[in-house]
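The hints should help you fit chains B, C and D onto chain A, whose structure is shown.
The lines below spell out each chain.
Number of protein chains: 4
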Amino acid sequence: MPDSQPNRPQLAASGTQMNIKFLTTGGTIDKVYFDARSEFEVGPPQVLEIVKDARVTFEYEIESILRKDSLDMTDEDRNLIRQRVEIDACARIVVTHGTDTMVATARALIGIPGKTIVLTGSMQPARFRVTDAVFNIGTAIGAVQSLREGVYIAMNGQVFNPTRTRKNLEENCFEEA
Amino acid sequence: MPDSQPNRPQLAASGTQMNIKFLTTGGTIDKVYFDARSEFEVGPPQVLEIVKDARVTFEYEIESILRKDSLDMTDEDRNLIRQRVEIDACARIVVTHGTDTMVATARALIGIPGKTIVLTGSMQPARFRVTDAVFNIGTAIGAVQSLREGVYIAMNGQVFNPTRTRKNLEENCFEEA
Amino acid sequence: MPDSQPNRPQLAASGTQMNIKFLTTGGTIDKVYFDARSEFEVGPPQVLEIVKDARVTFEYEIESILRKDSLDMTDEDRNLIRQRVEIDACARIVVTHGTDTMVATARALIGIPGKTIVLTGSMQPARFRVTDAVFNIGTAIGAVQSLREGVYIAMNGQVFNPTRTRKNLEENCFEEA
Amino acid sequence: MPDSQPNRPQLAASGTQMNIKFLTTGGTIDKVYFDARSEFEVGPPQVLEIVKDARVTFEYEIESILRKDSLDMTDEDRNLIRQRVEIDACARIVVTHGTDTMVATARALIGIPGKTIVLTGSMQPARFRVTDAVFNIGTAIGAVQSLREGVYIAMNGQVFNPTRTRKNLEENCFEEA
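Chains as they are written, first to last, in our numbering: chain A, 15 to 191; chain B, 15 to 191; chain C, 15 to 191; chain D, 15 to 191.
The shape of chain A in the complex, shown without the other chains:
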């Protein structure tokens, strides 16, 4: 059993502490039920609870940029997200987002140098007993530290190129376009 691998894995240089930035924008993943108002709205970001339960050991920061249903996202919102990504010192960024217009926002983030950006979200809120939220955040984390710079979408267990992706509304899943 050799103690080194001829094919060096493409991971962060040995010894460097991995750092991930989470930018949250809303979407189904963060929806909360307010019984008093019989309303179901975007609430505080759930990604914090997810990474804590997962006992992650990388350094991270979570910044809530927006709390919107992605159907309500505007070009101004997308510009805001792009600016936040551009100025961020972190090289690895996970953006949580509603699924309906995730592709549009991902496309708006193309061309930012020096950053690996992965967008994800979920079809069932993170607060549900059965949810894809935890798995999807995990997939995004695995992808963001393994891929070279560029923008990606992580949904349904797959990593997509946003220029060739769409949300299939009938099947309610993401697929290559």
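Please keep in mind that the hints were generated in silico from the structure rather than gathered at the bench.
None of these values were measured; they are calculated from a predicted model.
This list has only true hints and no planted wrong ones.
Identical chains blur together in the list; that is why a pair holds if it fits in one copy or across any two.
DMTMM-like cross-link-like pairs, simulated, lysine to aspartate or glutamate; straight-line CA separation at most 25 Å:
no.	residue 1	residue 2
1	82	53
2	129	163
3	66	184
4	82	55
Structure of chains B, C and D alone, referenced to chain A:
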């Protein structure tokens, strides 16, 4: 907004259906409680339920090779796992395994050409309400489709090179060695 | 250690099989999230899944009478529920209902002889990871087999007389009026 | 719609604040998994978390008397539990206990005047995603405020007289003996 990315992401060629093989070997991730015997033992693989709840859209097969606590793994067991990986037609393989000797098994899988192999497991059983199992399977899935050939460990939200990794028994987490 | 109790507990006569009827009418307890429509609506009754996970050994039937938010309940709806209860052969009936007008419906069921009727529901949908639904169904089950005939409300861990109960909208809980 | 019920429900007198004492003794309900030791042991009482998630509005205290597998319970342990119940000022007491010898302990509590005592536990630990723990605590709460003084067992959705109950080891459930 350009509709193509100059930096082509390194994903599977457009149009190819992604295929992942899961080889399960036991470990805490699959532990079940048998009240009748007051015993807590490795049970049927939980990864099936995890990928179903996650609504994954890639093709996959799950094969249960062993159902062992990883402290009980022998060299023969590791040879068995290596052989199963070598003969598998699939290029992307996720191995679920107990955490105690995951590094040893990962090292025993070094040098198999043409395959991206990611080992993962969990500190809390998948059947628990609060568990790292779902997140870890997600991380492994994100990594296995993003990394080039080689062997990796996905635990605590990080992707490790097994030749430079150990399980810190005091902190109960994985770290660079 | 005596093998009999001087104070005979008031339980069903020894040897009789306990039989409970569940009549479901909707409410928060059964709300489901439909991602495709970004809508949160009353879905199929969750009480079935709850009693199965609880491994109950009594005989039961579940009948879905309505699937309404209780704010949308009308006097006609309440008459329907009363009729269904009156004609039911079962002596122990649990009615799941929205919390907003549970007291009104309970009062509409007063005076039906020979039946113990307990209304319950939940503030957080049963499909949520953190929910009062399972506990409340349990409380209703414990109450319905222990109380003599009449109508009761089981919420917030308490069994109430509906003629002296109200839902406190500010505190979002039930209390004696 | 009358605003009073001829058959007065047998609930606590109007205006009195309900008070429940929880005495925890261990058992499967409180089992925790310690990955570092690959061990599955009785941990801190889970009933606190259960009643908090259930948003109960009654007053309660939780006292941890023992942390034992009920197969390890001795007559001394049962005497200890009986003494604690006898001296307690509270009239409504829920005892959480392992299921294997719950009947024996219940029988040891017969004959304590002025108290309604309900024993419960669970077949699957409260920390599991699928568990009977929450439902059973709910059933015990519904029963303890509805029954007159005496000792009862609440398991599998039924309230049993401990002098005529046994745990069916094959079926892994409680039944009338």
